[in-house]
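One line per chain: the protein sequences are U and R, in this order. Take this note's numbering: the final residue in the first sequence is number 430, and no numbers are missing along the way. Take this note's numbering: the final residue in the second sequence is number 819, and no numbers are missing along the way.
By construction, these hints were calculated from the structure, which means they are not laboratory data. Mixed in with the good hints there might be a few duds.
[What the hints assert, rightly or not] Restraint ranges, calculated between C-beta atoms of paired labels, are given here:
no., chain 1, residue 1, chain 2, residue 2, range
1, R, 807, U, 376, 56 to 62 Å
2, U, 268, R, 454, 34 to 40 Å
3, U, 407, R, 714, 54 to 60 Å
4, U, 295, R, 621, 33 to 39 Å
5, R, 551, U, 295, 51 to 57 Å
6, R, 551, U, 219, 57 to 63 Å
The C-beta atom is built at its ideal place from N, Cα and C for all residues, glycine as well.
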Amino acid sequence: MVADLSINIAGLQSPNPFWLASAPPTNSGYQVMRAFEAGWGGAVWKTLTDKPVVNVSSRFGGLRLNGKRMVGFNNIELITDRPLEDNLREIREVKKRFPDRVIVASVMLEPIQEIWNDVFARIEDAGVDGFELNFGCPHGMAERGMGAAIGQHPDLIRQQTEWAKAATNLPVVAKLTPNITDIRHAARAAKEGGADCVSMINTINSLIGVNLDTWDTIPNVDGQGAHGGYCGPAVKPIALHMVADCARDSALGIPISGIGGISTWRDTVEFMLMGATSVQVCTAVMQHGFRIVEDMIEGLNNYLDEKGIASAMDLVGKSVHKYTEWGQLNLNYKVVADIDDDKCINCNKCYISCEDTAHQAIKMVPEPVGSAHPYRLEVDAKACVGCNLCYEVCPVDAITMVPQNTGEPKTTWQDSGVECLLPEVD
Amino acid sequence: MPKSRPAGSNVVENFQEMVSALTPMEAFTEANRCLFCQDAPCTAACPTSVDVPMFIRKISTGNLKGSAKTIMDANPLGASCARICPTEELCVGACVLNELDAPIMIGKLQRYATDYLVQHNIQLYQAGSANQHKIAIVGAGPAGLSAARELALLGYEVTLLDAHEKGGGLNSYAVAPFRLPQAIPLWEVNQILELGVQLKNGVTVGRDITVEELTENYDAVLVAVGMGKIQSLEIPGENLEGVYDALDLIEQTKDGDPTQVHLGAKVVVIGAGNTAIDAATTAKRLGAETVQILYRRTEHEMTAYPFEYDFAKQDGVEFRWLTAPTRVLGTHHVEAVECVRMELGEPDERGRRRPQPVPGSEFTVEVDNVIFAVGQQRRTDVFDDFRLKHSRGVVEVDESFQTSRPGVFAAGDCTFAGGGRNEATVVLAVQQGKQAAAAIHRQVSEKYAAIQGVSKEG
């Protein structure tokens, strides 16, 4: 292990980019200590408040896909239901034992600035390294005018971030909700309020399912359900897009902590390349426990070593310039599917996908009697639009999308001079 | 597969179905591994063309009844075939995952789906509205049952005639019960009888009913009589006490109580086909200390499948290649078998090298029982009663399973030339039964359409 995994995000120095998100895994000092023993670089404490809530039973529901559990995950749990003083005592103990790790206090408070001043002071006194403002919790707290109720109004984000900055000199992270149309508005408001960093995404409004026998919602509380917050691997693409959108927003320019479906070092690299400096994990540890961080640390280290990259920080934002508007894409670029007969196992899935749902560009050509396979799959390069469907469907990576030399210069929709019918986002 | 069983171990346990059913989790996990191929090679490799990816997908969604229907639509004996099909030679052998990973356990998944029907005794079908036409089927084995089911769905009044007390043919009597418990084929028979098919048991055509009674009283007759008893080698001592026809031995353990079947400590089985494997493993599971299969050729020529060979070896069966019996020795009861060493000569017409005795190589093996499993007799008696053309014991049929006698069809083992692997399988007999039923339906419909003056085109 050669590469330097340590990161610095908005002045928060962490031995690695792997943090636990503010969620059930960071509910108590006992849990956070176990996480730090396992190797996690930081933890955002389960959202603190001065008036603990009452949580319901049951709380979680998982999306199952083809036998895989928790592909997506939903919760209707609220913020901490433990007294503030208990949490602060435990924060002190953990920080004393693990001074090199980052502890960020997630906070959600009533919209009264005096309360913010008072509670921030008490929390800062416990030794936290920074604050994260929970502007995202989409259920329960939003009905009380907190969480996503703030996060959906840039003015309120700005105001409360200002209150936070006024209450502390420590770094302040604004955690944003994805339950909006364009997250950049929320991020810019946080920056205007003085935020040192934004983190995203909080959970997405969701109903995980309905029981086919009882017709109850999943989860259900005494026969009733309410929308919850969706997270887990299934939300990763949504989170990655929002991180990338903020990272390429020149009006923002503050660091990003990525959250949403991150389960492995591979996910981490993607988020870092798209502009995240640290990542926060919840669902993966809820499913497997804290020790998965061993593979995350080792895998990231080996990746950096193999790529000859000295520091994890060198990954941050390296792919951001490649993420643009559709109107900037080259309309003259063309790829065509190429099927490697040696790898092909003749499941014919590419054929049926293309035939039924794409462009009828793959033909099943009969092979002579006695051949290993009854058909050979052939791509009709003229009919192929290079959509990638066959590549995605192929179970054995037998398909390569090969760039074609069209001889045409790059041209984009924007170049074509057609005017956008909608006013531009400011 | 269970490990080798020590002699004298628990017979009742030894005769339970040896392959355990998949647990729900195993089935779900395995079903989700299936790629759901298009034009799937597993389906192409199945003689009955079961839509394998579809039935597996239905398992993965918990639609077990629908899964079983996909299977049973194509194969009326889908529960039996799930257990005894040589899947490595058929669907499993064709699975695209063979090239990358373990192939899907298609047979076990088929069993999982069809077990759901058996356990809940679900009837998926109902007879078609009666069309007033009557079909007689001689033989209630795989081909006959399959044809009966198809014809009943089309509205025919179907009568099955069988010499045995129970329907099912070899599935009910001649496949070792630890591979296929009798309850499974009997359930399948009952499913078909519930469609209004009549089964006349204990009826031998030519003795209890004449061929003319059948041809006169029915619109068509299907001959699906399968094969007969084990052939005689016509060597001295074949009638001594302690000498068994392999099929009789298996039948005693399958249709009767295996704890009441007693073999000695030392057993030899003559032959190395599917039945020989069943007989040898049956003998081992009955408690024989040593069971040797004597075969006049070598493992390369034997007709037992590789999985059967492995299974026999795991059960502790020994193989003596290039060994042929010349005499069974004993006064009243078998005491020994005299054998001669063989060597392989020129290939025969099927390409198998012809064994020939090595002069002066005779030797004697002391044994308590000899079980013959050297291939079954052809039912030429039946063919002659029907005055059907046949050659080398095989009924001649055209592509419509029509014999030389108009209105008489034939399907299943009695039409197979036999000899090699991948031919005389239950699943192929089932398919032929389906095809013969379709051909009968075509012919009967055309005949009545012609009689009623209705033009086909009209």
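Now for the hints, and whether the structure bears them out:
1. Between residue 807/R and residue 376/U the Cβ separation comes to about 42 Å, which falls outside the hinted range of 56 to 62 Å.
2. A hinted range of 34 to 40 Å holds for the C-beta pair residue 268/U and residue 454/R, which are about 36 Å apart.
3. Hint check: residue 407/U to residue 714/R, Cβ distance near 58 Å, so the stated range 54 to 60 Å holds.
4. The hint said 33 to 39 Å for the Cβ distance between residue 295/U and residue 621/R, and at roughly 59 Å that hint is violated.
5. Checked against the given bound of 51 to 57 Å, the beta carbons of residue 551/R and residue 295/U, roughly 55 Å apart, stay inside it.
6. The supplied range of 57 to 63 Å is broken by residue 551/R and residue 219/U, whose beta-carbon atoms lie about 37 Å from each other.
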